[in-house]
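Given next are the chains, with one letter for each unit.
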Amino acid sequence: MTHYLLSVHGPAERNEFGEYGSKEAMEEAFAATGAFNDKLQADGYWVFAGGLKEATTATVVDGTGEAPVITDGPYLESKEYIGGFWVIDAPDLDVALKLAADGSKACRGKVEVRPFEGMA
Amino acid sequence: MADRPSGGDGAAVERVFREEYGRLIASLVRRFGDIDLAEDAAGEALVVALEKWPSDGVPPNPGGWLTTTAANRAIDRIRREGQRDAKHQAALMTYDDTSHSPVGVVEDDRLRLLFTCCHPALAPEARIALTLRLLGGLTVAEIGQAFLVPETTMAQRITRAKKKIAAANVPYRVPSASDLPTRLGGVLTVLFLVFNEGYLASGDGSPVRSELTSEAIRLTRVLQVLLPSEPEVTGLLALMLLTEARHSARVRSGVLVPLDEQDRSGWDRSLIAEGHALVRSCLAINRPGRYQLLAAINAVHTSAVSASDTDWSQVVALYDQLLLVDPSPIVALNRAVAVAELDGPSVALALVDRLPLEGYHPWHAVRADLLRRLGRSTEAKDAYGAAINSTANVAERAYLARKSGELV
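Protein chains in written order, with our numbering: chain A, 347 to 466; chain B, 782 to 1189.
Since the hints were made in silico from the structure, they are not lab data. One or more of the hints may lead you astray.
Claimed, not checked - With a straight-line Cα cutoff of 35 Å, these simulated DSBU-like cross-link-like pairs (lysine-lysine) come out:
no.: 1; chain 1: A; residue 1: 399; chain 2: B; residue 2: 944
no.: 2; chain 1: A; residue 1: 399; chain 2: A; residue 2: 456
no.: 3; chain 1: A; residue 1: 369; chain 2: A; residue 2: 385
no.: 4; chain 1: A; residue 1: 444; chain 2: A; residue 2: 425
no.: 5; chain 1: A; residue 1: 385; chain 2: B; residue 2: 945
no.: 6; chain 1: B; residue 1: 945; chain 2: A; residue 2: 451
no.: 7; chain 1: A; residue 1: 444; chain 2: B; residue 2: 945
no.: 8; chain 1: B; residue 1: 945; chain 2: A; residue 2: 425
no.: 9; chain 1: A; residue 1: 399; chain 2: A; residue 2: 369
no.: 10; chain 1: A; residue 1: 451; chain 2: B; residue 2: 944
no.: 11; chain 1: A; residue 1: 456; chain 2: B; residue 2: 945
no.: 12; chain 1: A; residue 1: 385; chain 2: B; residue 2: 944
no.: 13; chain 1: B; residue 1: 944; chain 2: A; residue 2: 425
no.: 14; chain 1: B; residue 1: 944; chain 2: A; residue 2: 444
no.: 15; chain 1: A; residue 1: 385; chain 2: A; residue 2: 451
To be verified - Cβ pair distances, simulated, as ranges:
no.: 16; chain 1: A; residue 1: 444; chain 2: B; residue 2: 1086; range: 48 to 58 Å
no.: 17; chain 1: B; residue 1: 1166; chain 2: A; residue 2: 359; range: 51 to 61 Å
no.: 18; chain 1: A; residue 1: 363; chain 2: B; residue 2: 1095; range: 50 to 60 Å
no.: 19; chain 1: B; residue 1: 1068; chain 2: A; residue 2: 392; range: 35 to 45 Å
Claimed, not checked - Chain A residues, not near chain B, derived (Cβ > 10 Å throughout):
no.: 20; residue: 374
no.: 21; residue: 376
no.: 22; residue: 411
The beta-carbon is built from N, C-alpha and C at its ideal position, and this holds for glycine as well.
Same shape as in the complex, but just chain A (with noise of 0.2 Å):
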């Protein structure tokens, strides 16, 4: 069994409906994503998940120096930060992807598939 991070990527900019065009949109999405998060559980994948706040809320902590210095912001500057992501436990990268896929519908997002070096 391998873990993967399954991370969802956003636009940097979001609007009263979070990354979605309407309120419907946005409550379709949370139904159908929270429906993927209980299956996840049920069948066995399921190691952890989260919504992240917008990236606009993240500060960056450099503490390689004498003193830590903080930063308002992301760590990098892009069009699409990650939004949310699970972490899953799956046999292999083609149950990962399938996964993903259906993650991806899920929330309408694009979904990134990384192996984890390890967990703790």
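Model the placement of chain B on the given structure of chain A, informed by the hints.
Same frame as chain A, now just chain B:
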């Protein structure tokens, strides 16, 4: 009972090794689940073979001998390195009952490795490089030459792909029936590219690399046995066989001989018969696709007693159908060649001149031929020059130079 390699030199050993390489690697990867370990162990088995075979003779079953020797070396290595992961420990426990006959589980091993090499998570250029390396047994330098990139670039590409297979846990598996339609297209593309690279080698070495064409045919045959009801697999096999059937008539004294000038008595009749039968079985399924249509075009060519007997209207009709499936300028260029036979070179030239293919050497070659037929010698010479400059294949360059030299 063992055959002695001729002259007792290493060349015969290396030839046997290359023939067995894909099968060897595939069975080692299945057993140990580690491509790098499989390659290292295969390399060590080659060293042992080079020591022993020239004096002891080639064993009666060289593939089985290499597999056993390599597997023992792999096990030694795992033991030497002490505790590796559980997968390796498990491999030590399993008894290798692989049969070395040409059918059965070994064939499935190679298919499994083929689908791994052609996994959609790998970049398209990495897929073909990995297939040529692991199943075709080509060296990294040879693959680099074939694709006109430096050896270091090709080595990085292959290393990166192997690393991703290991780190992301890409499975060694022939996909399940429901995944096959999406995965098959990429595999067929790679097999076709491997075949084409053998058929018209892009480097400046040998113009034809028959070890590549035969490896591509062999793998496609295995795929076709596994998937008899996928007409595109059958179509690709038919296309390869009908192309391969003409191979000995295709190069004469180092010069490429075009279809209309080939000695048709030199064509391999049994391959043509098999190819025609496969095309007919595709037609019966009636789900036309790219490879089936290309095979059907080749079936028309190989049915004609002479070039002038070719049913060009049928060839053009098949290209019309192909354009619907694959509306690429390269298909349009090939269609124009058939149109030249049906409607004359000026109609064809008008079609060819519209195509955005300045970087594609066959475009220059086709233009040169049409201009020559129209008596526009100066322009034809320029086009032959452009074609010669844009291909590295020695036999093709020789042919183009000959045609250009005939112009007055």
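Structure-based check of all given hints:
For the suggested pair residue 399 of chain A and residue 944 of chain B, the alpha carbons sit about 34 Å apart, so the restraint of at most 35 Å is met. Taking the CA atoms of residue 399 of chain A and residue 456 of chain A, the gap is about 17 Å. The hint holds against a cut of 35 Å. Between residue 369 of chain A and residue 385 of chain A the CA atoms are separated by roughly 24 Å; this keeps the pair inside 35 Å, and the hint holds. Of the supplied pair hints, the one linking residue 444 of chain A and residue 425 of chain A holds, its CA atoms being roughly 26 Å apart against a limit of 35 Å.
Only pairs whose Cα atoms come within 35 Å are accepted, and residue 385 of chain A paired with residue 945 of chain B is accepted, the gap being roughly 28 Å. The suggested pairing of residue 945 of chain B with residue 451 of chain A holds, with an alpha-carbon distance near 25 Å, which does not exceed 35 Å. At most 35 Å may separate the alpha-carbon atoms for a hinted pair to count; residue 444 of chain A and residue 945 of chain B meet this at roughly 18 Å. Using a Cα cut-off of 35 Å, the hinted pair residue 945 of chain B and residue 425 of chain A holds, with the two alpha carbons roughly 27 Å apart.
For the hint pairing residue 399 of chain A with residue 369 of chain A, the CA-to-CA distance comes to about 18 Å; that is within 35 Å, so the pair holds. With a C-alpha separation of about 29 Å, the suggested pairing of residue 451 of chain A with residue 944 of chain B holds against the 35 Å cut-off. Restraint check for residue 456 of chain A and residue 945 of chain B: satisfied, since their Cα atoms lie roughly 20 Å apart, inside the 35 Å limit. At roughly 31 Å between alpha-carbon atoms, residue 385 of chain A and residue 944 of chain B fall within 35 Å of each other, so this suggested pair holds.
Distance check on the hinted pair: residue 944 of chain B and residue 425 of chain A sit about 29 Å apart at the alpha-carbon level, within 35 Å; holds. Distance hint between residue 944 of chain B and residue 444 of chain A is fulfilled; the C-alpha atoms sit about 21 Å from each other, no more than 35 Å. A C-alpha spacing of about 14 Å is found between residue 385 of chain A and residue 451 of chain A, which places the hinted pair at or below 35 Å, so the restraint holds. Our hint of 48 to 58 Å for residue 444 of chain A and residue 1086 of chain B holds, since their Cβ atoms are close to 53 Å apart.
Take residue 1166 of chain B and residue 359 of chain A: their Cβ atoms lie about 55 Å apart, and the range 51 to 61 Å holds. Residue 363 of chain A and residue 1095 of chain B have their C-beta atoms about 58 Å apart, which keeps the hinted 50 to 60 Å range intact. For residue 1068 of chain B paired with residue 392 of chain A, a C-beta distance near 40 Å keeps the hint of 35 to 45 Å intact. Separation of residue 374 of chain A from chain B is adequate, the least Cβ-Cβ distance of about 26 Å exceeding the 10 Å criterion.
The Cβ of residue 376 of chain A lies farther than 10 Å from every Cβ of chain B, with a closest approach of about 29 Å, so its non-interface assignment holds. Residue-level check passed: residue 411 of chain A sits 32 Å from the nearest beta carbon of chain B, beyond 10 Å.
Of the hints listed earlier, there is not a single one the structure fails to meet.
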